[in-house]
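Number of protein chains: 2
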Amino acid sequence: MKFYLASIFMVIFCFTHAMPALSNDEPISPIQAPKLIDLGMVELGKKLFYERRLSPSGHLACNSCHNISMGGVDNLQFSVGYKWQQGTINTPTVLNSSLNFTQFWNGRAATLQEQAGMPLENPIGMASSHSITINVLKTIPGYVTEFKQVFGDSEITMDKVTAAIAEFEMTLVTPDSPFDRWLLGDKQAISQYALSGYQLFKKVGCSTCHNGPGVGGQTLQKLGLVEPYETTHPARGKADITGKTEDENVYKVPLLRNIELTPPYFHDGAVNTLEEAVTIMARVQLGIKFKDDEAARIVAFLKTLTGRQPVFPLPTLHPSGPDTPRPQPFREDGS
Amino acid sequence: MKFYLASIFMVIFCFTHAMPALSNDEPISPIQAPKLIDLGMVELGKKLFYERRLSPSGHLACNSCHNISMGGVDNLQFSVGYKWQQGTINTPTVLNSSLNFTQFWNGRAATLQEQAGMPLENPIGMASSHSITINVLKTIPGYVTEFKQVFGDSEITMDKVTAAIAEFEMTLVTPDSPFDRWLLGDKQAISQYALSGYQLFKKVGCSTCHNGPGVGGQTLQKLGLVEPYETTHPARGKADITGKTEDENVYKVPLLRNIELTPPYFHDGAVNTLEEAVTIMARVQLGIKFKDDEAARIVAFLKTLTGRQPVFPLPTLHPSGPDTPRPQPFREDGS
Numbered sequence: 342m343k344f345y346l347a348s349i350f351m352v353i354f355c356f357t358h359a360m361p362a363l364s365n366d367e368p369i370s371p372i373q374a375p376k377l378i379d380l381g382m383v384e385l386g387k388k389l390f391y392e393r394r395l396s397p398s399g400h401l402a403c404n405s406c407h408n409i410s411m412g413g414v415d416n417l418q419f420s421v422g423y424k425w426q427q428g429t430i431n432t433p434t435v436l437n438s439s440l441n442f443t444q445f446w447n448g449r450a451a452t453l454q455e456q457a458g459m460p461l462e463n464p465i466g467m468a469s470s471h472s473i474t475i476n477v478l479k480t481i482p483g484y485v486t487e488f489k490q491v492f493g494d495s496e497i498t499m500d501k502v503t504a505a506i507a508e509f510e511m512t513l514v515t516p517d518s519p520f521d522r523w524l525l526g527d528k529q530a531i532s533q534y535a536l537s538g539y540q541l542f543k544k545v546g547c548s549t550c551h552n553g554p555g556v557g558g559q560t561l562q563k564l565g566l567v568e569p570y571e572t573t574h575p576a577r578g579k580a581d582i583t584g585k586t587e588d589e590n591v592y593k594v595p596l597l598r599n600i601e602l603t604p605p606y607f608h609d610g611a612v613n614t615l616e617e618a619v620t621i622m623a624r625v626q627l628g629i630k631f632k633d634d635e636a637a638r639i640v641a642f643l644k645t646l647t648g649r650q651p652v653f654p655l656p657t658l659h660p661s662g663p664d665t666p667r668p669q670p671f672r673e674d675g676s
Numbered sequence: 342m343k344f345y346l347a348s349i350f351m352v353i354f355c356f357t358h359a360m361p362a363l364s365n366d367e368p369i370s371p372i373q374a375p376k377l378i379d380l381g382m383v384e385l386g387k388k389l390f391y392e393r394r395l396s397p398s399g400h401l402a403c404n405s406c407h408n409i410s411m412g413g414v415d416n417l418q419f420s421v422g423y424k425w426q427q428g429t430i431n432t433p434t435v436l437n438s439s440l441n442f443t444q445f446w447n448g449r450a451a452t453l454q455e456q457a458g459m460p461l462e463n464p465i466g467m468a469s470s471h472s473i474t475i476n477v478l479k480t481i482p483g484y485v486t487e488f489k490q491v492f493g494d495s496e497i498t499m500d501k502v503t504a505a506i507a508e509f510e511m512t513l514v515t516p517d518s519p520f521d522r523w524l525l526g527d528k529q530a531i532s533q534y535a536l537s538g539y540q541l542f543k544k545v546g547c548s549t550c551h552n553g554p555g556v557g558g559q560t561l562q563k564l565g566l567v568e569p570y571e572t573t574h575p576a577r578g579k580a581d582i583t584g585k586t587e588d589e590n591v592y593k594v595p596l597l598r599n600i601e602l603t604p605p606y607f608h609d610g611a612v613n614t615l616e617e618a619v620t621i622m623a624r625v626q627l628g629i630k631f632k633d634d635e636a637a638r639i640v641a642f643l644k645t646l647t648g649r650q651p652v653f654p655l656p657t658l659h660p661s662g663p664d665t666p667r668p669q670p671f672r673e674d675g676s
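Protein chains in written order, with the working numbering: chain A, 342 to 676; chain B, 342 to 676.
Keep in mind the hints are simulated off the structure, nothing from the lab. Certain hints may be false.
One copy or two, it doesn't matter: identical chains are merged, so the pair holds either way.
Subject to a maximum C-alpha distance of 30 Å in a straight line, what follows is the list of computed DSS-like cross-link-like pairs (lysine-lysine) [said to hold, decoys possible]: (1) LYS585 x LYS424; (2) LYS630 x LYS424; (3) LYS644 x LYS544; (4) LYS644 x LYS630; (5) LYS489 x LYS376; (6) LYS479 x LYS585; (7) LYS644 x LYS479; (8) LYS563 x LYS585; (9) LYS644 x LYS489; (10) LYS632 x LYS376; (11) LYS644 x LYS563; (12) LYS644 x LYS376; (13) LYS630 x LYS489; (14) LYS479 x LYS563; (15) LYS501 x LYS563; (16) LYS501 x LYS489; (17) LYS424 x LYS501; (18) LYS424 x LYS544.
All values reported here derive from a predicted model rather than from experimental measurement.
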């Protein structure tokens with residue numbers, strides 16, 4: 342009960358400044374508080390998000406790659422997975438991920454819930470499986486009770502596990518950025534320099550794709566529309582799913598919220614600075630070569646998109662029961 | 342400021358029930374609130390405890406092995422270190438570690454501060470170095486400011502880093518266990534069965550070594566006093582430091598606080614259950630073979646030593662600066 346009250350407090354605390362979107366002409370709208378949230382699921386999902394026992398290694402959890410203390414990413418080019426294997430694509434942030442119309446760089450998961458199960462089962466991710474996950478949770482008495490409390494029956498299923506994680510992730514929005522305060526009427530919230538960057542951002546066409554509350558995440562687009570994006574990375578974007586030529590290099594437009602916190606940039610994690618990323622995007626997507634301090638102005642605007650980071654009490658995880666499988670990080674078959 | 346207030350609140354909240362030790366004859370005393378704590382150092386140390394950039398891999402932090410969400414351990418036989426290397430000895434809990442008279446199984450660090458730097462620099466731990474640590478922190482503007490704020494000057498040194506981590510660790514005590522409430526006068530706080538276990542614990546001699554507020558951590562003792570402790574583990578205890586024959590198999594008496602949360606047990610992490618651990622200790626240290634439910638009674642007592650786990654707001658870490666070295670988890674030399 343203490344935790345629920347704490348959560349309610351945090352949620353109220355986090356969103357007292359978030360108000361409905363204004364009826365203005367801006368392509369970007371302020372981040373709003375999530376609606377219709379089930380706080381019991383949130384508390385359960387929060388534990389599961391930090392739960393390393395879901396990996397047979399006992400070493401990796403959702404938070405390993407999606408570090409909520411660091412902008413929802415690990416700031417690595419490619420994440421460290423099971424047995425120190427290298428991830429294949431740059432890890433997107435979990436913050437504001439509910440504002441994406443689809444999940445992953447190539448959009449292969451339609452929902453947060455669908456996404457949540459995939460890294461869990463990826464052999465170079467957490468290297469778990471549905472049966473490992475369920476068997477672990479079933480043997481931890483605290484989870485058996487909490488699933489029953491939250492869902493009304495004590496059967497633990499992957500659907501419930503991923504639903505709870507997704508519900509927690511729904512709360513990971515970052516309202517109250519300087520730019521949102523500007524949108525909401527506080528004209529002193531951003532500098533004139535950043536404002537000129539925003540005007541340029543709109544004028545040259547960045548906001549054609551980077552719009553909405555997430556400043557992106559609304560569509561899939563071809564990377565290298567005007568000029569090819571140079572990379573040695575083997576990913577083919579949506580074509581990796583559909584096999585269609587027209588889907589080559591088609592990626593979800595990433596969110597620009599908190600973008601200053603989440604280097605390195607692009608699906609290949611090849612770019613370290615925002616200024617370089619902005620310069621490349623202008624060239625390959627819009628055919629524009631920025632002059633003078635134009636890229637720097639846009640970067641100044643982008644930095645106003647950093648919102649209030651999620652703050653909540655660290656979850657205390659339920660202790661293992663007598664039959665909980667002991668994690669085996671060093672066993673050859675890893676199971 | 343918000344964080345400081347939250348911390349003050351948490352600390353007050355945590356210790357309202359912790360009172361000075363009673364003047365009674367019990368060998369165990371209640372856990373008390375830490376005295377003379379510098380909350381600025383605590384907040385800085387908390388960040389550093391979760392700071393993966395202190396490892397050149399960008400993947401490992403103090404919390405990787407000393408998981409505060411899980412009783413201050415990783416519940417692994419041996420921890421996962423740099424490049425998935427296997428740790429050499431079972432990781433002791435960070436909870437109540439300030440109640441140890443010396444740190445590590447073999448007592449090789451006199452203080453929490455001295456301990457803090459060692460796993461950081463262990464090549465199979467975080468694989469960092471003094472110069473890597475300092476160079477990373479110096480390039481992160483938020484840390485430069487916070488070190489200056491906390492210590493009064495902006496020079497970042499290993500002494501300050503480890504002092505801040507140690508100050509944070511001082512707060513990781515777990516008061517208000519059922520047993521402490523019993524010690525403090527609430528005679529209903531533990532069951533008659535657990536109480537009979539405590540009486541047996543004293544009678545057979547466990548409390549000769551497992552005493553004080555930590556229920557251990559006061560002395561180094563020979564493991565296998567009456568009968569050898571059977572293990573294939575190569576550690577030699579204090580003899581690994583002194584080289585002396587009389588120090589063979591001499592280890593620090595571990596804390597029994599929250600012991601139910603921290604399997605597997607012993608320096609070799611070879612024992613999975615408390616009942617087995619109690620049975621072995623009685624045999625090899627005291628020459629006793631428990632009858633009937635004697636071991637179970639002691640286990641029931643040990644479970645009353647689980648206190649209130651640390652709960653604090655998740656720290657938000659300072660973003661990297663333009664010159665912050667990019668972590669290289671997959672580079673061959675790892676630096």
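Taking the hints in turn, this is what the structure says about them:
Taking the shortest Cα distances, LYS585 and LYS424 never come within 30 Å of each other, neither inside one copy (34 Å) nor across copies (38 Å). Taking the shortest alpha-carbon separations for LYS630 and LYS424, neither the intra-copy value of 43 Å nor the inter-copy value of 42 Å comes in at or below 30 Å. Taking CA atoms no more than 30 Å apart as the test, LYS644 paired with LYS544 passes inside one copy only; the shortest distance there is 18 Å, against 65 Å between copies. In the homo-oligomer, the alpha carbons of LYS644 and LYS630 lie at most 30 Å apart inside one protomer (21 Å), although the nearest pairing across protomers, at 67 Å, exceeds that limit.
For the identical chains of this complex, LYS489 and LYS376 are intra-copy neighbours only, at 23 Å inside a copy versus 41 Å across copies, given an alpha-carbon limit of 30 Å. For the homomeric pair LYS479 and LYS585, neither the shortest alpha-carbon distance inside one copy (42 Å) nor that between copies (48 Å) is at most 30 Å. For the identical chains of this complex, LYS644 and LYS479 are inter-copy neighbours only, at 22 Å across copies versus 44 Å inside a copy, given an alpha-carbon limit of 30 Å. Only within a single protomer do LYS563 and LYS585 lie at most 30 Å apart by alpha-carbon distance; the minimum there is 13 Å, versus 69 Å between protomers.
Taking CA atoms no more than 30 Å apart as the test, LYS644 paired with LYS489 passes between copies only; the shortest distance there is 25 Å, against 43 Å inside one copy. For the identical chains of this complex, LYS632 and LYS376 are neighbours neither inside a copy (43 Å) nor across copies (59 Å), given an alpha-carbon limit of 30 Å. For the identical chains of this complex, LYS644 and LYS563 are intra-copy neighbours only, at 25 Å inside a copy versus 59 Å across copies, given an alpha-carbon limit of 30 Å. For the homomeric pair LYS644 and LYS376, the shortest alpha-carbon distance inside one copy (27 Å) is at most 30 Å, but the shortest distance between copies (41 Å) is not.
Proximity of LYS630 and LYS489 under a CA criterion of 30 Å is satisfied in neither setting, with 58 Å inside one chain copy and 41 Å between copies. When the C-alpha separation of LYS479 and LYS563 is checked against a cutoff of 30 Å, the pair qualifies neither within a copy, at 44 Å, nor between copies, at 39 Å. In this homomeric assembly, LYS501 and LYS563 never come within 30 Å of each other (Cα to Cα): the closest approach is 35 Å inside a single copy and 49 Å across copies. Only within a single protomer do LYS501 and LYS489 lie at most 30 Å apart by alpha-carbon distance; the minimum there is 11 Å, versus 47 Å between protomers.
Taking CA atoms no more than 30 Å apart as the test, LYS424 paired with LYS501 passes inside one copy only; the shortest distance there is 28 Å, against 33 Å between copies. Taking the closest pair of Cα atoms, LYS424 and LYS544 never come within 30 Å of each other, the shortest separation being 47 Å inside a single copy and 47 Å across copies.
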